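Student: Residue strings, one per chain:
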Amino acid sequence: AQSVTQLDSQVPVFEEAPVELRCNYSSSVSVYLFWYVQYPNQGLQLLLKYLSGSTLVKGINGFEAEFNKSQTSFHLRKPSVHISDTAEYFCAVRSSARQLTFGSGTQLTVLP
Amino acid sequence: EAGVTQFPSHSVIEKGQTVTLRCDPISGHDNLYWYRRVMGKEIKFLLHFVKESKQDESGMPNNRFLAERTGGTYSTLKVQPAELEDSGVYFCASSQAALMDEQFFGPGTRLTVL
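Taken in order, these protein sequences are the chains called A and B. Per the numbering used here, the very first residue in the first sequence carries number 3; after that it's consecutive. Per the numbering used here, the very first residue in the second sequence carries number 41; after that it's consecutive.
Please keep in mind that the hints were generated in silico from the structure rather than gathered at the bench. Note that the structure is a prediction, hence the values are computed from the model and not measured. The C-beta atom is built at its ideal place from N, Cα and C for all residues, glycine as well. Heads up, a few of these hints could be off.
[To be verified] Quick list of simulated restraints, FRET-style, between CB atoms:
no., chain 1, residue 1, chain 2, residue 2, range
1, A, Ser72, B, Val78, 44 to 52 Å
2, A, Lys60, B, Thr110, 38 to 46 Å
3, B, Glu125, A, Gln109, 18 to 26 Å
4, A, Leu58, B, Lys91, 31 to 39 Å
5, B, Leu154, A, Leu58, 27 to 35 Å
6, A, Ala19, B, Leu106, 42 to 50 Å
7, B, Gly68, A, Ser72, 34 to 42 Å
8, A, Asp10, B, Met140, 25 to 33 Å
[Unchecked claim] With a straight-line cut-off of 20 Å between C-alpha atoms, the simulated EDC-like cross-links for lysine to aspartate or glutamate are:
no., chain 1, residue 1, chain 2, residue 2
9, A, Lys51, B, Glu142
10, A, Lys60, A, Asp87
11, B, Lys81, B, Glu92
12, B, Lys118, B, Glu97
13, A, Lys60, B, Asp141
14, A, Lys51, B, Asp141
15, A, Lys51, B, Glu82
[To be verified] Which bits of chain B does chain A cover? Going by a derived footprint, with three or more residues having C-beta under 8 Å, they are:
no., stretch
16, 83-92
17, 143-150
Given the sequences, and given the hints that come with them, work out the whole structure.
Tutor: Listed below in C-alpha cells is the structure:
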C-alpha cells in the first residue's frame with residue numbers, strides 16, 4: 003500500500019516570494035511521483051513528474067521538485083511566485099499499477 | 041484537440057435518487073479512470089477501464105456505484121440510490137496505452153446529495 007502526505011493544507015505567500023510545498027510518501031515498492039495543479043473550475047493539470055534519472059525535476063510555469071529517496075519526499079518549489087499561481091496543488095504517486103494515489107492537497111494563495 | 045469533458049458540471053439530488061455522470065475521454069485514449077474527492081479529503085481512485093473492459097475496480101465504494109464504458113468510448117458512472125456520503129467531486133481522466141503516459145483530467149462533476 004502507498005500513501006501521500008501533504009503537510010500544509012494552506013500556504014499563503016506574497017507575490018515574488020519563494021515557496022515550497024511539502025510532500026512525503028510511503029510505499030513498499032518503487033514509485034513514480036507527480037505534482038498536479040488545479041485552477042478554479044478546471045481539471046487537474048500535470049506540473050511535473052519524476053520517473054527515474056535526475057532527482058531534480060523541472061516542470062511548467064517555473065516549478066521544480068526534488069526527489070529525495072532517503073527522506074521519501076518530493077517537495078515542490080518555485081523561486082518567485084505570481085498571483086496567477088494561486089491554485090490547489092496535489093502530490094501523487096503511482097507504482098506499477100496505473101492508478102494515482104493523491105495527497106489531500108495544498109491551497110497556495112499568492113498575496114499582492 | 042478537445043480535452044476530457046464531463047457532464048454535468050454540477051448535480052444536486054436528494055437522498056435515494058439516481059444520478060448518472062458522464063465522461064468523454066480524449067479521442068484515442070484507451071485508458072479511462074474515475075476518481076472522487078470527498079470534501080476536504082484526498083482524491084481517491086475508483087476504477088480503471090482499458091477500452092471497454094474494467095481493469096481495476098478496487099476503489100469502488102459499494103454496489104450502489106455502477107460504471108460502464110460501452111464501445112470503449114465515453115463512460116458513465118451511475119449512483120443508485122444516492123446517499124449523503126456520496127457527495128463530492130467526481131473526476132474522470134484518460135491516458136494513452138503506454139504505462140507512463142500522462143493522465144489528462146476533466147474538470148469534474150460536483151455532486152451534492154441532500
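Student: For every hint, state whether the structure bears it out.
Tutor: Verification of the hints:
1. The hinted range of 44 to 52 Å is not satisfied by A/Ser72 and B/Val78, whose Cβ atoms lie roughly 33 Å apart.
2. Here the CB-CB span from A/Lys60 to B/Thr110 is close to 41 Å, well matched to the stated 38 to 46 Å.
3. Checking the proposed 18 to 26 Å range against B/Glu125 and A/Gln109 shows it holds: the Cβ atoms sit about 23 Å from each other.
4. Distance hint check for A/Leu58 and B/Lys91: the Cβ-Cβ separation is about 37 Å, which falls inside the suggested range of 31 to 39 Å.
5. Separation of B/Leu154 from A/Leu58 is about 48 Å and departs from the stated range, judged on CB atoms against 27 to 35 Å.
6. Between A/Ala19 and B/Leu106 the CB atoms are about 48 Å apart, so this pair conforms to the stated range of 42 to 50 Å.
7. Between B/Gly68 and A/Ser72 the CB atoms are about 40 Å apart, so this pair conforms to the stated range of 34 to 42 Å.
8. The supplied range of 25 to 33 Å is met by A/Asp10 and B/Met140, whose beta-carbon atoms lie about 28 Å from each other.
9. Straight-line distance between C-alpha atoms of A/Lys51 and B/Glu142 comes to about 9 Å, which keeps the hinted pair within the 20 Å bound.
10. Among the hinted pairs, A/Lys60 with A/Asp87 is consistent with the structure: their alpha-carbon atoms are about 16 Å apart, no more than 20 Å.
11. Among the hinted pairs, B/Lys81 with B/Glu92 is inconsistent with the structure: their alpha-carbon atoms are about 30 Å apart, more than 20 Å.
12. For the given pair, B/Lys118 sits about 14 Å from B/Glu97 by alpha-carbon distance, which is consistent with the 20 Å threshold.
13. The suggested pairing of A/Lys60 with B/Asp141 holds, with an alpha-carbon distance near 18 Å, which does not exceed 20 Å.
14. Of the pairs offered as hints, the one joining A/Lys51 and B/Asp141 holds, with about 11 Å between alpha carbons and a cut-off of 20 Å not exceeded.
15. This hinted pair checks out: A/Lys51 and B/Glu82 have alpha carbons roughly 19 Å apart, not beyond 20 Å.
16. Coverage of the stretch 83-92 of chain B by chain A holds in this model, with 4 residues showing a Cβ closer than 8 Å to a Cβ of that chain against a need of three.
17. Under a criterion of three residues with beta carbons nearer than 8 Å to beta carbons of chain A, the stated coverage of the stretch 143-150 of chain B is upheld, 6 such residues being counted.
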